[in-house]
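In terms of UniProt numbering, the sequence shown opens at residue 1 and continues consecutively.
None of these hints come from the bench; they were simulated from the model. Even glycine gets a Cβ: it sits at the ideal position worked out from N, Cα and C. Heads up, some of the hints might be wrong.
For lysine-lysine, the following DSBU-like pairs were computed, each having C-alpha atoms within a straight-line distance of at most 30 Å [unchecked claim]:
(1) K13 <-> K26
(2) K333 <-> K113
(3) K333 <-> K260
(4) K260 <-> K278
(5) K51 <-> K117
(6) K26 <-> K113
Derived DEER-like restraints, expressed as beta-carbon distance ranges [claimed, not checked]:
(7) S72 <-> K277: 45 to 55 Å
(8) G283 <-> D240: 49 to 59 Å
(9) E4 <-> P274: 43 to 53 Å
(10) L65 <-> P309: 23 to 33 Å
(11) R8 <-> F339: 28 to 38 Å
(12) G283 <-> R8: 46 to 56 Å
(13) P14 <-> G283: 44 to 54 Å
(14) D110 <-> G186: 29 to 39 Å
(15) L65 <-> K13: 31 to 41 Å
(16) G209 <-> D110: 49 to 59 Å
(17) S7 <-> K117: 22 to 32 Å
(18) E330 <-> S290: 50 to 60 Å
(19) P274 <-> E129: 10 to 20 Å
(20) D284 <-> P309: 19 to 29 Å
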Amino acid sequence: MHQERYSRQELFKPIGTDGQQELSEKHVLIIGAGALGTGASESLVRAGVGKITIIDRDYVEWSNLQRQSLYSEEDARKKMPKAIAAKYRLEQVNSYVEIQAIVADITYEDLLKYAEKCDLIIDATDNFETRFVINDVAQKLELPWIYGACVGSTGMSFTVIPGVTPCFNCLWETTPPTGQTCDTAGIISPAVMMVTAHQTADALKILSGNTEALSGRLVTFDVWQNDYQSIGVSRMKKADCPSCGEDPTYPYLTMESAMKTAVLCGRDTVQIRPAEKKMIDLGDLHTIFSTQGLPVQYNQFLISITFDPYRMVIFKDGRVLIHGTNDKTEAKKVYHRVFN
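Please construct the entire structure, taking both the sequences and the accompanying hints into account.
Here you go:
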């Protein structure tokens with residue numbers, strides 16, 4: 001039965017048995033395990049890619065279930081970290097693929113460490129700042145990566161090949177102003193599926209040795225308005241680009257030394273990442289907060305504490321989400337009230 005697993009894919013001549021063998025030897029790094037990350041990882045695992053590494057900083061919530069295909073109601077009830085829940089499900093889909101799950105808010109140092117061992121990076125993030133870091137890492141390591149984004153009924157995708165195509169910095173130069181997000185404009189699952197279809201199709205082309213089939217174009221669409229565009233962008237490649245030009249400086253690979261706060265993708269939530277990573281004993285915290293009579297949810301990956309009007313989620317690496325505010329100053333006050 002195992003020999004027949006990929007038989008229909010091998011019948012597709014551009015892949016064939018040789019391409020299938022190449023897929024089985026490849027390693028893909030997926031940044032983000034939301035709608036795009038779950039769709040892309042499932043497609044690639046079913047296709048027989050040898051190893052998938054998934055990095056995500058968040059946990060499963062009820063609002064995710066409408067479009068994030070790997071998760072269940074039980075995952076939402078238990079507040080399972082997305083990377084862990086994805087790993088459990090993907091291992092059930094294909095036990096022959098190695099799945100590595102990392103619960104973390106990725107830094108450039110982490111990304112460099114994980115990316116140097118892979119063959120392709122797939123962007124499944126929700127913010128442009130991380131994409132600029134991915135772009136610089138990919139350029140530095142000369143790794144292909146595939147950008148994807150969607151909101152409402154719209155989406156876009158572009159595959160970056162170092163030394164061949166314009167890079168992400170060539171196309172956008174600076175972080176675009178904050179616009180609509182899934183939490184402000186909503187999203188429908190067909191938009192997600194369209195983006196992941198483009199991302200995984202290009203991933204299969206790259207991983208099976210068919211890079212000549214790549215279009216090199218930026219794809220944008222609106223599935224509700226029946227609009228689809230494929231835009232040639234080759235002229236946008238810049239010789240003086242600081243990320244991919246003749247004398248690259250990789251401006252987004254800079255040291256972060258202070259506590260970092262970030263409002264998460266339009267949500268009423270602030271993430272706080274301590275300046276130094278430190279492992280938290282969640283069991284001790286559970287005991288402390290429980291004796292104070294506070295509502296507490298706890299698993300081996302995180303602990304959630306509610307104290308009106310806020311809810312705090314603490315991860316083992318010391319990272320904290322403050323739900324109930326998008327004010328960074330207020331979030332820091334709540335953080336220091338608990339940890340100082």
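Taking the hints in turn, this is what the structure says about them:
1. K13 <-> K26: holds (19 Å)
2. K333 <-> K113: violated (33 Å)
3. K333 <-> K260: Roughly 14 Å between the alpha carbons, so the hint for K333 and K260 holds.
4. K260 <-> K278: holds (15 Å)
5. K51 <-> K117: holds (11 Å)
6. K26 <-> K113: holds (17 Å)
7. S72 <-> K277: 45 to 55 Å: About 30 Å separates the Cβ atoms of S72 and K277, which means 45 to 55 Å is violated.
8. G283 <-> D240: 49 to 59 Å: holds (54 Å)
9. E4 <-> P274: 43 to 53 Å: holds (50 Å)
10. L65 <-> P309: 23 to 33 Å: holds (25 Å)
11. R8 <-> F339: 28 to 38 Å: violated (54 Å)
12. G283 <-> R8: 46 to 56 Å: For G283 and R8 the Cβ distance comes to about 48 Å; the hint holds.
13. P14 <-> G283: 44 to 54 Å: holds (52 Å)
14. D110 <-> G186: 29 to 39 Å: This hint holds: roughly 31 Å between Cβ atoms.
15. L65 <-> K13: 31 to 41 Å: Holds, at about 38 Å.
16. G209 <-> D110: 49 to 59 Å: violated (29 Å)
17. S7 <-> K117: 22 to 32 Å: For S7 and K117 the Cβ distance comes to about 30 Å; the hint holds.
18. E330 <-> S290: 50 to 60 Å: violated (25 Å)
19. P274 <-> E129: 10 to 20 Å: holds (18 Å)
20. D284 <-> P309: 19 to 29 Å: At 26 Å between Cβs, range holds.
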